[in-house]
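**Q** So the chains spell out like this:
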Amino acid sequence: MKDNIQALNDIFQARIDNGESIEPKDWMPEKYRKTHIRQISQHAHSEIVGMLPEGNWISRAPSLRRKVALLAKVQDEAGHGLYLYSAAETLGISRDELFDQLHTGKAKYSSIFNYPTVSWADMGAVGWLVDGAAIINQVMLTRTSFGPYARAMVKICKEESFHQRQGFEIMLTLTNGTEVQKQMAQDSLNRWWWPSLMMFGPPDAESTHTEQSMKWKIKRKTNDELRQQFIDITAPQAEFLGLTIPDPDLKWNEETKHYDFGAIDWDEFWQVVKGFGPCNKERIDARVKAWDEGAWVRDAAVAYGEKKIQKSKVA
Amino acid sequence: MSKDWPLFEVFIRSKNGLEHRHMGSLHASDPEMAMENARDVYTRRQEGVSIWVVASTDITASNPKEYGELFEPAADKIYRHPTFYDLPDELKHI
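Protein chains in written order, with the working numbering: chain A, 47 to 361; chain B, 7 to 100.
Check each hint, because a few of them may be wrong.
Stated by the list, open to error - Here are the simulated BS3-like cross-link-like pairs (lysine-lysine), alpha carbons at most 30 Å apart as the crow flies:
#  : chain 1 : residue 1 : chain 2 : residue 2
1  : A       : Lys353    : B       : Lys9
2  : B       : Lys21     : A       : Lys204
3  : A       : Lys320    : A       : Lys303
4  : B       : Lys83     : B       : Lys71
5  : A       : Lys154    : A       : Lys71
6  : A       : Lys201    : A       : Lys263
7  : A       : Lys267    : A       : Lys320
8  : A       : Lys263    : B       : Lys83
9  : A       : Lys261    : B       : Lys71
10 : A       : Lys80     : B       : Lys9
11 : A       : Lys152    : A       : Lys261
12 : A       : Lys263    : A       : Lys303
13 : A       : Lys71     : B       : Lys71
14 : B       : Lys21     : A       : Lys201
15 : A       : Lys335    : A       : Lys353
16 : A       : Lys154    : A       : Lys320
17 : B       : Lys98     : A       : Lys71
18 : A       : Lys261    : A       : Lys80
19 : A       : Lys320    : A       : Lys152
20 : A       : Lys201    : A       : Lys267
21 : A       : Lys80     : A       : Lys267
22 : A       : Lys71     : B       : Lys9
23 : A       : Lys154    : A       : Lys335
24 : A       : Lys267    : A       : Lys335
25 : A       : Lys204    : A       : Lys80
26 : B       : Lys9      : A       : Lys335
27 : A       : Lys152    : B       : Lys9
28 : A       : Lys228    : A       : Lys152
29 : A       : Lys77     : B       : Lys71
30 : A       : Lys327    : B       : Lys9
31 : A       : Lys201    : A       : Lys261
32 : B       : Lys9      : A       : Lys354
33 : B       : Lys83     : A       : Lys154
34 : B       : Lys71     : A       : Lys80
35 : B       : Lys9      : A       : Lys357
36 : A       : Lys204    : A       : Lys113
37 : A       : Lys113    : A       : Lys228
38 : B       : Lys83     : B       : Lys98
39 : A       : Lys359    : B       : Lys9
Hint data in this document are derived by calculation from the structure and do not stem from the laboratory.
Starting from the given sequences, assemble the full structure and let the hints guide the process.
**A** The following block contains the structure:
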């Protein structure tokens, strides 16, 4: 039996090495399945929880143009969450179980959404930096080995680029505005810069999942590689805006052709992951409230659907 | 007491003249709601002109374990392809 599993494992790894996609009904190692359920659901939860900090500003958007854009972005995030939940469900876990894991804190979501959005400029910084970081990760994932995850990512990436552009446009408008507006934009960058860098996860040396994930082509680049890519892209954009990235060690390195940057406060990262960020409780409470208070609607819809089926049988 | 909403598969025709293609799946309490949700989830940017929704339980799928008996017999039937037949190069339009 053990030899048998080993043989299946070898065939599986050969398929991955050969660049084949893995589909839900194919044989896969249990750990591959579990890793995907964890990662895809975490990604789905991030989309869903990610609606909350932005939803905060829909009713206070400064113009109709900004409001329709923000509404469309938040609606996209709901859609992205749904694509991803569906992908996770192909691995044999139910939607209710996935929600339950989120609501009980068993499943995580991106720590970035545990920071508050205290000014309108944060809608700019979130779109520019948070979506920018997400896009770098997601573009890589369009080539991930598990078919349903990769397909969800292709759809998401197509839709996501407007999110980042609308964010940058908000920053651009503010930095071209009054002194106070410029200051708002700078303050927002100051607060979102470091948490955005943390979105790529712990450094490679401390990342427990990276090695296996690379072997299974779940990830194709390491956390540190993606983080460097983000910094190299974003630093010139900050300069274009006339804003200062809050890192005195950030400097172009002519030799490596990359930006050098200062030490990241990983203690803060782990604090937020463990539940002690500024908004962890508020976010989960909002989700649980929506789920609990919507229960009667879901039940009524099921009852109505069943009644329609019965009526059509009688007729 | 809550029951999970059933799963539906969503197929979309992107424009007339093309076939419906599988786009993904979603949960809904009945086919009508599945149709409404499919419109919101999968056609926010004019991706479609027609939608089919099918209860996932109504789909019969082949099993990857049967790949061999289902698909391998086609592999050695190369005479089903035009390139199998040797014809002189100077021959045109064939």
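**Q** For every hint, state whether the structure bears it out.
**A** Outcome of the hint check:
Between lysine 353 of chain A and lysine 9 of chain B the CA atoms are separated by roughly 15 Å; this keeps the pair inside 30 Å, and the hint holds. Of the supplied pair hints, the one linking lysine 21 of chain B and lysine 204 of chain A holds, its CA atoms being roughly 19 Å apart against a limit of 30 Å. With a C-alpha separation of about 36 Å, the suggested pairing of lysine 320 of chain A with lysine 303 of chain A is violated against the 30 Å cut-off. Among the hinted pairs, lysine 83 of chain B with lysine 71 of chain B is consistent with the structure: their alpha-carbon atoms are about 22 Å apart, no more than 30 Å.
Pair hint lysine 154 of chain A plus lysine 71 of chain A holds up; C-alpha atoms about 26 Å apart against a cutoff of 30 Å. The straight-line distance between the Cα atoms of lysine 201 of chain A and lysine 263 of chain A is roughly 20 Å, inside the 30 Å bound, and the hint therefore holds. For the hint pairing lysine 267 of chain A with lysine 320 of chain A, the CA-to-CA distance comes to about 25 Å; that is within 30 Å, so the pair holds. For the given pair, lysine 263 of chain A sits about 34 Å from lysine 83 of chain B by alpha-carbon distance, which is inconsistent with the 30 Å threshold.
Distance restraint check for lysine 261 of chain A and lysine 71 of chain B: the Cα-Cα separation of roughly 24 Å lies within the 30 Å cut-off, and the hinted pair is therefore satisfied. Of the pairs offered as hints, the one joining lysine 80 of chain A and lysine 9 of chain B holds, with about 25 Å between alpha carbons and a cut-off of 30 Å not exceeded. Taking the CA atoms of lysine 152 of chain A and lysine 261 of chain A, the gap is near 26 Å; set against the 30 Å cutoff, the hint holds. Between lysine 263 of chain A and lysine 303 of chain A, the direct Cα distance comes to roughly 27 Å. Compliance with the 30 Å bound is thereby established for this hinted pair.
Restraint check for lysine 71 of chain A and lysine 71 of chain B: the C-alpha separation of about 9 Å stays at or below 30 Å, so the hint holds. For a cut-off of 30 Å, the pair hint linking lysine 21 of chain B to lysine 201 of chain A stands: about 18 Å separates their Cα positions. A C-alpha spacing of about 28 Å is found between lysine 335 of chain A and lysine 353 of chain A, which places the hinted pair at or below 30 Å, so the restraint holds. Restraint check for lysine 154 of chain A and lysine 320 of chain A: the C-alpha separation of about 9 Å stays at or below 30 Å, so the hint holds.
Proposed proximity of lysine 98 of chain B and lysine 71 of chain A is contradicted: the alpha carbons are some 47 Å apart, above 30 Å. At roughly 15 Å between alpha-carbon atoms, lysine 261 of chain A and lysine 80 of chain A fall within 30 Å of each other, so this suggested pair holds. The straight-line distance between the Cα atoms of lysine 320 of chain A and lysine 152 of chain A is roughly 11 Å, inside the 30 Å bound, and the hint therefore holds. With a CA separation close to 20 Å, the supplied pair lysine 201 of chain A and lysine 267 of chain A stays within the 30 Å bound.
With a C-alpha separation of about 20 Å, the suggested pair lysine 80 of chain A and lysine 267 of chain A falls inside the 30 Å cut-off, and the hint holds. A threshold of 30 Å between alpha carbons decides the hint, and for lysine 71 of chain A with lysine 9 of chain B the separation of about 25 Å falls inside it, so the pair holds. Between the alpha carbons of lysine 154 of chain A and lysine 335 of chain A the distance comes to roughly 18 Å, so the proposed pair stays at or under 30 Å and holds. Taken as a hint, the lysine 267 of chain A and lysine 335 of chain A pair is broken in the structure, with Cα atoms around 37 Å apart against an allowance of 30 Å.
About 27 Å separates the Cα atoms of lysine 204 of chain A and lysine 80 of chain A, which keeps this hinted pair within 30 Å; it holds. This hinted pair checks out: lysine 9 of chain B and lysine 335 of chain A have alpha carbons roughly 18 Å apart, not beyond 30 Å. Under the criterion of a C-alpha separation no larger than 30 Å, the hint pairing lysine 152 of chain A with lysine 9 of chain B is consistent with the structure, at around 22 Å. Proposed proximity of lysine 228 of chain A and lysine 152 of chain A is contradicted: the alpha carbons are some 41 Å apart, above 30 Å.
Using a Cα cut-off of 30 Å, the hinted pair lysine 77 of chain A and lysine 71 of chain B holds, with the two alpha carbons roughly 20 Å apart. Using a Cα cut-off of 30 Å, the hinted pair lysine 327 of chain A and lysine 9 of chain B holds, with the two alpha carbons roughly 27 Å apart. Distance restraint check for lysine 201 of chain A and lysine 261 of chain A: the Cα-Cα separation of roughly 25 Å lies within the 30 Å cut-off, and the hinted pair is therefore satisfied. Straight-line distance between C-alpha atoms of lysine 9 of chain B and lysine 354 of chain A comes to about 17 Å, which keeps the hinted pair within the 30 Å bound.
At roughly 51 Å between alpha-carbon atoms, lysine 83 of chain B and lysine 154 of chain A are farther apart than 30 Å, so this suggested pair is violated. The straight-line distance between the Cα atoms of lysine 71 of chain B and lysine 80 of chain A is roughly 21 Å, inside the 30 Å bound, and the hint therefore holds. Of the supplied pair hints, the one linking lysine 9 of chain B and lysine 357 of chain A holds, its CA atoms being roughly 20 Å apart against a limit of 30 Å. Restraint check: the Cα-Cα separation between lysine 204 of chain A and lysine 113 of chain A comes to about 21 Å, which is no more than 30 Å; the hinted pair holds.
The suggested pairing of lysine 113 of chain A with lysine 228 of chain A holds, with an alpha-carbon distance near 21 Å, which does not exceed 30 Å. The straight-line distance between the Cα atoms of lysine 83 of chain B and lysine 98 of chain B is roughly 26 Å, inside the 30 Å bound, and the hint therefore holds. Among the hinted pairs, lysine 359 of chain A with lysine 9 of chain B is consistent with the structure: their alpha-carbon atoms are about 22 Å apart, no more than 30 Å.
In this structure, the hints that do not hold are numbers 3, 8, 17, 24, 28 and 33, in rising order.
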